[in-house]
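J.: Protein chains in written order, with numbering that gives the first Met the number 0: chain F, 0 to 83; chain E, 0 to 609.
Just so you know, these hints were derived from the structure itself, not from any lab.
Ideal Cβ positions, reconstructed from N, Cα and C, are used throughout, including at glycine.
A hint or two may mislead.
[What the hints assert, rightly or not] With the Cβ distance kept under 8 Å, some of the chain F side facing chain E (calculated, not the full set):
hint	residue
1	N48
2	T59
3	R75
[To be verified] Below, simulated DSS-like cross-link-like pairs (lysine-lysine); rule was C-alpha separation at most 27 Å, straight line:
hint	chain 1	residue 1	chain 2	residue 2
4	F	K34	F	K45
5	E	K346	E	K419
6	E	K330	F	K54
7	F	K54	E	K562
8	E	K584	F	K70
9	F	K24	E	K584
10	E	K459	E	K519
11	E	K519	F	K56
12	F	K45	E	K519
13	E	K584	F	K63
14	E	K65	E	K24
15	F	K34	E	K584
16	F	K45	E	K485
17	E	K519	F	K63
18	F	K20	E	K459
19	E	K259	E	K346
20	E	K403	F	K54
21	F	K56	E	K485
22	F	K37	E	K519
23	E	K259	F	K56
24	F	K34	F	K71
25	E	K330	E	K65
26	F	K37	F	K20
27	E	K65	E	K346
28	F	K80	E	K485
29	F	K54	F	K24
30	E	K485	F	K71
31	E	K330	F	K70
32	E	K519	F	K50
33	F	K77	E	K584
34	F	K34	F	K56
35	F	K63	E	K485
36	E	K545	E	K485
37	F	K70	E	K485
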Amino acid sequence: MPPPEKIVKKLMGLLDAGQKKDRAKCDRISELLRKLKKQERIAKEKLANEKDRTKRKRLTTQVKIIHTQRKKAIRRFKELKSKC
Amino acid sequence: MIRKIFLPSILIILTYGFWISPDFKEIAAGVAIFLFGMLSLEEGFKAFTGGTLERILRNSTNRYWKSLSFGIVSTTIMQSSSLVSVITISFLSAGLITLAAGIGIIFGANIGTTTGAWLIAGLGLKVKISAYAMPMLVFGIIMVFQKSNTYKGLGYILAGLGFLFLGIHHMKEGFEAFKSTIDLTEFAVAGYPGLFLFAGIGIFATVVMQSSHATLVLILTGLAAGQVTYENALALAIGANVGTCITAILGSLSANVEGKRLAAAHLIFNVVTGIIAIVFIEQFLWGVESISAVVGIADDDFTLKLAVFHTLFNITGVLVMTPSIGMLVTKLENMLRTKEVSVVEPKYLYDATMGFPDTVMESVRRETLHLYDNALEIIAHGVSLHRHDIFSTANLPEVVENHKIIISIDIDEVYERNVKVLYGAIVSYISEAQTQITSDYSEDLYSLRLAGRHIVEALKDVKHLRKNLAIYMVSDNEHIRAEYNKFRLQIGNILRELGDLREQSEDPDNITILNLDSLKAEIEEIDVVANGSLDHLIREDLITEKMATSIMNDSAYTFDISKNLIDMAEILFAARALDLREAEKEIALNEEELEEIIEEIEAEEEAQNK
């Protein structure tokens, strides 16, 4: 059983609209993280099998971009999580 | 199928004709020169539209009596009703006069042409203006090369007239061979059958000789030699009057629908006048005798009597036809309609969808996608790529390399037809919708309007890019060709990627906004000016300075096209759920982050190369 002040804090959080919005955003970013992870895996697999120099360069850029997006998403997720 | 074989068949028939008959060649060349003269004449008159000529013509043709007088005076001076009628057709085609005014001039020209018969019959005089063709061409062409628009316009008019005369001259020359075969005595027939027959011969002779004056000379010679009776000579004159329309009909071939209406009016007038003259031949004969007696023409002076008859029946024709000019104009406008340009109509925008925010949003989104579909054709063809190649699995660099033929497209025309109306409808629908739905949706509506603007902006840039692309993609200089092929490839790539993203946009797992970051990085990376490849081309003297400037400008156009398309896709192909879109926008990389990645990759590449 959590301490009563924590239960009150959670209850207040549920009633607060701003927090509700942040929580929804948290969910969305977590959803995006899942999709990005999947895309990064696919891109890396393609890169491993690709021989063509130009296509490899494009895939490398793509992997790096997805990776940076993921890092950005994780950072944002942590920010929001601390508020929730 | 018929359309496809029509032109080759005509060309083959003409070639065969040229081979077997030099006369036919001369006639055909005459027609071609004549039509070229018409085009030149129209070009010349266009130079004066909106200015002095328009004012003079408007003031001298704004009343029926004025246009009639204009026709009479100009034909009397020029001694050629055919020339006046073709000039009037070009006035009309250039929008300088109205159809009613044009008809007035033609009616006047029919009276004016009768002075020719008086000159021939009374003075034995024939004004031969075809002798002026050569000087006209010389002066005309010199003036065409001048910088001043007025001189240029005058030059085109002079050269046009010169070509008209030259064309008529060649047609006449070509038909000389047929002239000797017209022996009038062979057809002498009395009564109405004779009248119709000789009118027919008159038409034929005039069509062949391209001059009613020449036919009149033939008739007078025939009359003097007793080859034709007086009555049949009159029928020949009627036929000559009808036959002279052929020049106007020929002239209208290169004219717009207004010009064709005037040529039809000319034909109707001359045929009706001809029929009246034949039907009431007895009354006309009586009239001629009475007038001849009054003015003192001798009983046996048939040539002058013929001139009286010519004038009388043309004046009668004008008197009969004048009350029905209004009706004639209406009938001709109904018969020969302006060809409407078929424009693409909106498919999803209806008033019925206006009341509900969701239907409004969906209608606008779909219509903007429809706009994009229409724009796709212009963009792809603008850079000489086929859509089926872009949206196939074919290797795009190879496609670009192998497709060296410039795809013909009039971007302005296709834009007017397929984009402008649609874009206008979207903008107007959104404006109307904003007054009816809650402000919660106004931001989304604004975005959709922006998507439409991105599409239109991309099209404008394609138009600019195409100017040099059409020159350099087929250039002998392989370096410039390669640079322009890079532009084509970049746009082809963007369109292909956007096609894939569009397909995925219906997938709940799509993250379009994030995926577009890769495309944004790609267009930054291949900036020819920033990546140093342009400097290399200039330093090594592989391209000229002019080419370098073109590359710089067109690289900017290519970047803008790509950027506008990506911005459009960010709105149109993104997830529908607002919160998901907002989350994606938060994570999407900004310019600095993208640049960092590009630099990182370039550094890695350099290290590998070392």
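J.: Compare the structure with each hint and give your call.
T.: Going down the list of hints, with the structure as the test:
Taking 8 Å as the C-beta contact cut-off toward chain E, the hint placing N48 of chain F at the interface is violated, the least distance being around 17 Å. The beta carbon of T59 of chain F comes within 6 Å of a beta carbon in chain E, closer than 8 Å, and the hint placing it at the interface holds. The restraint placing R75 of chain F at the interface with chain E holds, with a minimum CB-CB distance near 6 Å, inside the 8 Å limit. Distance check on the hinted pair: K34 of chain F and K45 of chain F sit about 17 Å apart at the alpha-carbon level, within 27 Å; holds.
This hinted pair checks out: K346 of chain E and K419 of chain E have alpha carbons roughly 14 Å apart, not beyond 27 Å. With a C-alpha separation of about 66 Å, the suggested pairing of K330 of chain E with K54 of chain F is violated against the 27 Å cut-off. Taken as a hint, the K54 of chain F and K562 of chain E pair is honoured in the structure, with Cα atoms around 21 Å apart against an allowance of 27 Å. Of the supplied pair hints, the one linking K584 of chain E and K70 of chain F holds, its CA atoms being roughly 15 Å apart against a limit of 27 Å.
Proximity of K24 of chain F to K584 of chain E is assessed by CA-CA distance (about 12 Å); at most 27 Å being required, the pair is judged to hold. For the proposed pair K459 of chain E and K519 of chain E, the alpha carbon gap of about 20 Å is at most 27 Å, so the pair holds. Taking the CA atoms of K519 of chain E and K56 of chain F, the gap is about 15 Å. The hint holds against a cut of 27 Å. Note on K45 of chain F and K519 of chain E: the hinted pairing holds, with a Cα-Cα distance of about 20 Å set against a maximum of 27 Å.
Distance restraint check for K584 of chain E and K63 of chain F: the Cα-Cα separation of roughly 18 Å lies within the 27 Å cut-off, and the hinted pair is therefore satisfied. For a cut-off of 27 Å, the pair hint linking K65 of chain E to K24 of chain E is broken: about 42 Å separates their Cα positions. Of the pairs offered as hints, the one joining K34 of chain F and K584 of chain E holds, with about 15 Å between alpha carbons and a cut-off of 27 Å not exceeded. Of the supplied pair hints, the one linking K45 of chain F and K485 of chain E holds, its CA atoms being roughly 24 Å apart against a limit of 27 Å.
Of the pairs offered as hints, the one joining K519 of chain E and K63 of chain F holds, with about 13 Å between alpha carbons and a cut-off of 27 Å not exceeded. Between K20 of chain F and K459 of chain E the CA atoms are separated by roughly 42 Å; this puts the pair beyond 27 Å, and the hint is violated. A hinted pair counts as satisfied when its Cα atoms are at most 27 Å apart, and K259 of chain E with K346 of chain E does not qualify at roughly 36 Å. For the suggested pair K403 of chain E and K54 of chain F, the alpha carbons sit about 24 Å apart, so the restraint of at most 27 Å is met.
Of the pairs offered as hints, the one joining K56 of chain F and K485 of chain E holds, with about 16 Å between alpha carbons and a cut-off of 27 Å not exceeded. In summary, the hint linking K37 of chain F to K519 of chain E is supported, as the alpha carbons are separated by about 21 Å, within the 27 Å threshold. Between K259 of chain E and K56 of chain F the alpha-carbon distance is near 62 Å, which puts this suggested pair outside the 27 Å criterion. The hinted pair formed by K34 of chain F and K71 of chain F meets the criterion: a straight-line CA distance of about 14 Å does not exceed 27 Å.
For the given pair, K330 of chain E sits about 23 Å from K65 of chain E by alpha-carbon distance, which is consistent with the 27 Å threshold. With a C-alpha separation of about 26 Å, the suggested pair K37 of chain F and K20 of chain F falls inside the 27 Å cut-off, and the hint holds. With a C-alpha separation of about 50 Å, the suggested pair K65 of chain E and K346 of chain E falls outside the 27 Å cut-off, and the hint is violated. Proximity of K80 of chain F to K485 of chain E is assessed by CA-CA distance (about 46 Å); at most 27 Å being required, the pair is judged violated.
Taking the CA atoms of K54 of chain F and K24 of chain F, the gap is about 35 Å. The hint is violated against a cut of 27 Å. About 33 Å separates the Cα atoms of K485 of chain E and K71 of chain F, which puts this hinted pair outside 27 Å; it is violated. The straight-line distance between the Cα atoms of K330 of chain E and K70 of chain F is roughly 76 Å, outside the 27 Å bound, and the hint therefore fails. Between K519 of chain E and K50 of chain F, the direct Cα distance comes to roughly 24 Å. Compliance with the 27 Å bound is thereby established for this hinted pair.
A C-alpha spacing of about 17 Å is found between K77 of chain F and K584 of chain E, which places the hinted pair at or below 27 Å, so the restraint holds. This hinted pair checks out: K34 of chain F and K56 of chain F have alpha carbons roughly 22 Å apart, not beyond 27 Å. Of the supplied pair hints, the one linking K63 of chain F and K485 of chain E holds, its CA atoms being roughly 24 Å apart against a limit of 27 Å. A C-alpha spacing of about 18 Å is found between K545 of chain E and K485 of chain E, which places the hinted pair at or below 27 Å, so the restraint holds.
Under the criterion of a C-alpha separation no larger than 27 Å, the hint pairing K70 of chain F with K485 of chain E is inconsistent with the structure, at around 33 Å.
Taken one by one, the earlier hints fail for this structure at numbers 1, 6, 14, 18, 19, 23, 27, 28, 29, 30, 31 and 37, listed in ascending order.
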